[in-house]
Amino acid sequence: MFDWLTTQPGFSVLLMVTMMVVILTSVAYCIYFERKISAWIQDRIGPNRVGPRGLLQPIADGLKFLLKEDITPAGADRPIFMLAPMIIFVVSLIGFAVIPWGGRITFANGNSVILQVASLDVGLLYLLAVASLGVYGVALGGWASNNKYSFFGGMRAAAQMLSYEIPLGLGILVVVLTSGELRLEHIVAGQQAGAWNLLLHPLAFGMVVVGALAESNRMPFDLAEAEQELVGGYHTEYSSMKFALFFLAEYAHMITSSALLVALFLGGWELVPFGWWLALHVPGLGWLGWINDSTHWSAGLVRLGMVYGKICAFIFLYMWVRWTLPRFRYDQLMRLAWRALVPMGLGLVILVGVLVYLDRAISFWAPLGNLVVVLLVWRMLSLRPVRVTGRQAGLPAV
Amino acid sequence: MKDGDVILIEAPKLSPAERLYVPQILQGMSVTLRHMFARKATLQYPEQKRVPRVENYRGVHRLNRDEQGRVACVACFMCETICPAHCIHIEGAEAPWPDREKYPIQFDIDELRCIYCGMCEEACPVDAIELTPIYDPVGLTREEMIYDKEKLLEVYDRTKGMKPRKNPKITGYPETGNREQRSGETKGD
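Chains as they are written, first to last, in the working numbering: chain A, 1 to 398; chain B, 399 to 587.
Looking at chain B on its own, in the form it has when it is part of the complex:
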């Protein structure tokens, strides 16, 4: 290190009036007093909540319903396979409906184990499982936080308005996940 590399920075010289420090203290105290009577920035949760998160926020899962109100999942097990935390447990069975082969009779997601990565949403070929903007699920026990099929469908019923389904058609497999489909445009059908 050469002498030229060192730059001496002098502290700014205080005038004699400033060196007494009392005016600065009083000025600081007036600032604090002003803040004491200003509007507070606190939100009283849970009575007041923030503006809901953006639509593609990765919160609690939901199982979508199709237009007829049936569960949209076809029990293909893709989400269970890809889940990094192994928190999805599905049991498939023969569907009672003519236009579908399988459907899940048991669909459990352990919301406490989930890492909210969204891989299940990406993997689903029929856009049955989606992550909603609900960021604050609460429960009193661990068992309560394992959401079963009914609970997940109920989440759907609650968040239908908050976040519409990506692709309403369930049987149009090649066009899943494509947002333009919602407005009716198709690409090379």
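Next comes chain A alone, as it looks inside the complex:
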């Protein structure tokens, strides 16, 4: 049996089970870190009574959710009511199948495996497709609650998620054009041989971050929950474990999009950009090359730890942004997506197409071109007059 585990199918099963445990625990501890980080930002200490430094708080929360009464409102569409939180939770978890956690490791019996559950040649497309299915969960949850305000929240969330699919997709398209592949581990390997996509296309990185924030209904894009306006939006009527699933699905979606960002823009497990150059030319940094290239199992673990560490850094960034920025109004959000991000995305795709044709994709022209696109779109938006409509049309011009 041990031999089967060292083959790719067996190892994939082992990795899948391990990463499920790790990720579900991370999702539960996201709650803890959210409360702690929000507390520190607000000059207070978060939960610190349950267990040492409050570390057992998620367990207490989980128990609370399990023991609460599960209410289904009268008139709710029962099958869909039960299905909606499951949809959104499942789709955010199955995206992890194509994330490259580490490179290749070789066992003592000669087998070599890659630390990835499934190496699809359309890996990125699979991930995007699966993440988009989350819209169903939100919209159906709002509909099945038999509550006008939930329905409203669900529709707004669906519109928001659909609108931000486009900048997300265009940003990812930039990366795909640069590396010419849809296989995630080849994109990562390409970045390690060249430069991180974060440095080549900072604007695309920004767009994918914004798109990922909007996809997971995260502040400042959380008007679907909008506690001040819609009580809970699409998850008002849910209680106990179903509510916990919606809640955890938001964090799982955050982790999935962080993993995607790490793989696409931050070069996966590489410690510093241009690591290959530093390992060759700077004495004493040869261990950087060892991390990337060694097939020993310890190197595999180090790489896994690096990817996980970067994911944690992104989650910290998401939480930091949440507790800093006020929420977008619905029309501001739509305007940002369609009038600012989509033109920038299209400009970027044209830029990258030209660069790839001229065989200059990985060079300083890329960030320069990003800057040009930003300036162009920004000047175009600033020069366009703001149309006054409705009641304001009768007022004198400002």
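One or more hints might be untrue.
[Unchecked claim] Reference excerpt, derived from the structure (chain B facing chain A, CB under 8 Å, subset only):
(1) I423
(2) G426
(3) M427
(4) T430
(5) M434
(6) A436
(7) K438
(8) A439
(9) T479
(10) V536
(11) T539
[As the list claims (entries may be wrong)] Take a look, some chain A residues computed to stay more than 10 Å from chain B by CB distance:
(12) K64
(13) N146
(14) V321
(15) V342
[Unchecked claim] In silico EDC-like links for lysine to aspartate or glutamate, alpha-carbon gap of 20 Å or less:
(16) B:K447 with A:E34
(17) B:K438 with A:D43
(18) B:K558 with B:E416
(19) B:K438 with A:E34
No wet-lab data here; the hints were simulated from the structure. Don't be surprised by glycine CBs; every beta carbon is placed ideally from N, CA and C.
Start from chain A and add chain B according to the hints.
Positioned in the frame of chain A, the structure of chain B alone reads:
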């Protein structure tokens, strides 16, 4: 409403750099980061408590003792009568001491019913019942929170230092409640 009554306030014009909003976002995030590492304002209750309340804060009651350590109450029932929440229950009996007629053998205050108005403290002619600055009495059951005479005297023993008695003399009836009396000054004795 005339046209002159309406004042149009224009939103301040943003410069092109400000309209990008990214610098403001980054500035806001630096403020939040600074707060993340600043000193926190939380007090870890019950290990750390605030500075105790001012002396005349209306908290839990106490029954004062006189200089000889006897309960100061004379069971006149004035506090029970005036209490708006009817939370004081007294049973009086003949005092075993020569200088007093009555004393309470049962003095119960239901701290949960009490509204902490302080009328009993104002009504008492001998300053036997007082409200202390203790603001956080806790109990596990409702019965536990009905303080009987022993408990009230025990509160006194605990708060003697926090809040001295208004008028140490118990038998000087006309001078009750008068703070200048403590320093020994008398008015038209």
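Cross-check of the supplied hints:
1. For the restraint placing I423 of chain B at the interface with chain A, the shortest Cβ-Cβ distance is roughly 6 Å, inside the 8 Å limit, so the hint holds.
2. Interface restraint check for G426 of chain B: the shortest CB-CB distance to chain A comes to about 5 Å, inside 8 Å, so the restraint holds.
3. Hint status for M427 of chain B: holds, given a least beta-carbon distance of 5 Å to chain A, under 8 Å.
4. Using the Cβ-Cβ criterion of 8 Å, the hint placing T430 of chain B at the interface with chain A is satisfied: the shortest such distance is roughly 5 Å.
5. Annotation: interface hint on M434 of chain B holds; nearest CB of chain A at approximately 4 Å, less than 8 Å.
6. Satisfaction of the interface hint for A436 of chain B is found here, the shortest Cβ-Cβ separation to chain A being roughly 6 Å, below the 8 Å cut-off.
7. With a cut of 8 Å, the hint placing K438 of chain B at the interface with chain A holds, because the nearest CB-to-CB distance is about 5 Å.
8. Interface restraint check for A439 of chain B: the shortest CB-CB distance to chain A comes to about 5 Å, inside 8 Å, so the restraint holds.
9. Given the 8 Å rule on beta carbons, the hint for T479 of chain B is violated: about 45 Å separates it from the nearest Cβ of chain A.
10. The interface hint given for V536 of chain B is violated, since its Cβ lies 16 Å from the closest Cβ of chain A, which is over the 8 Å cut-off.
11. Taking 8 Å as the C-beta cut-off, the interface hint given for T539 of chain B is violated, the closest approach to chain A being about 23 Å.
12. At the 10 Å boundary, the C-beta of K64 of chain A stays outside the reach of chain B, the nearest C-beta of that chain being 22 Å off.
13. With a minimum CB-CB distance of about 39 Å to chain B, N146 of chain A clears the 10 Å threshold, and the non-interface call stands.
14. The non-interface label for V321 of chain A is inconsistent with chain B: the shortest C-beta to C-beta separation is roughly 7 Å, within 10 Å.
15. Every CB of chain B is more than 10 Å from the CB of V342 of chain A (nearest about 17 Å), matching its label as outside the interface.
16. Restraint check: the Cα-Cα separation between K447 of chain B and E34 of chain A comes to about 27 Å, which exceeds 20 Å; the hinted pair is violated.
17. For the proposed pair K438 of chain B and D43 of chain A, the alpha carbon gap of about 5 Å is at most 20 Å, so the pair holds.
18. Pair hint K558 of chain B plus E416 of chain B does not hold up; C-alpha atoms about 63 Å apart against a cutoff of 20 Å.
19. Pair hint K438 of chain B plus E34 of chain A holds up; C-alpha atoms about 17 Å apart against a cutoff of 20 Å.
The structure shown violates the earlier hints numbered 9, 10, 11, 14, 16 and 18.
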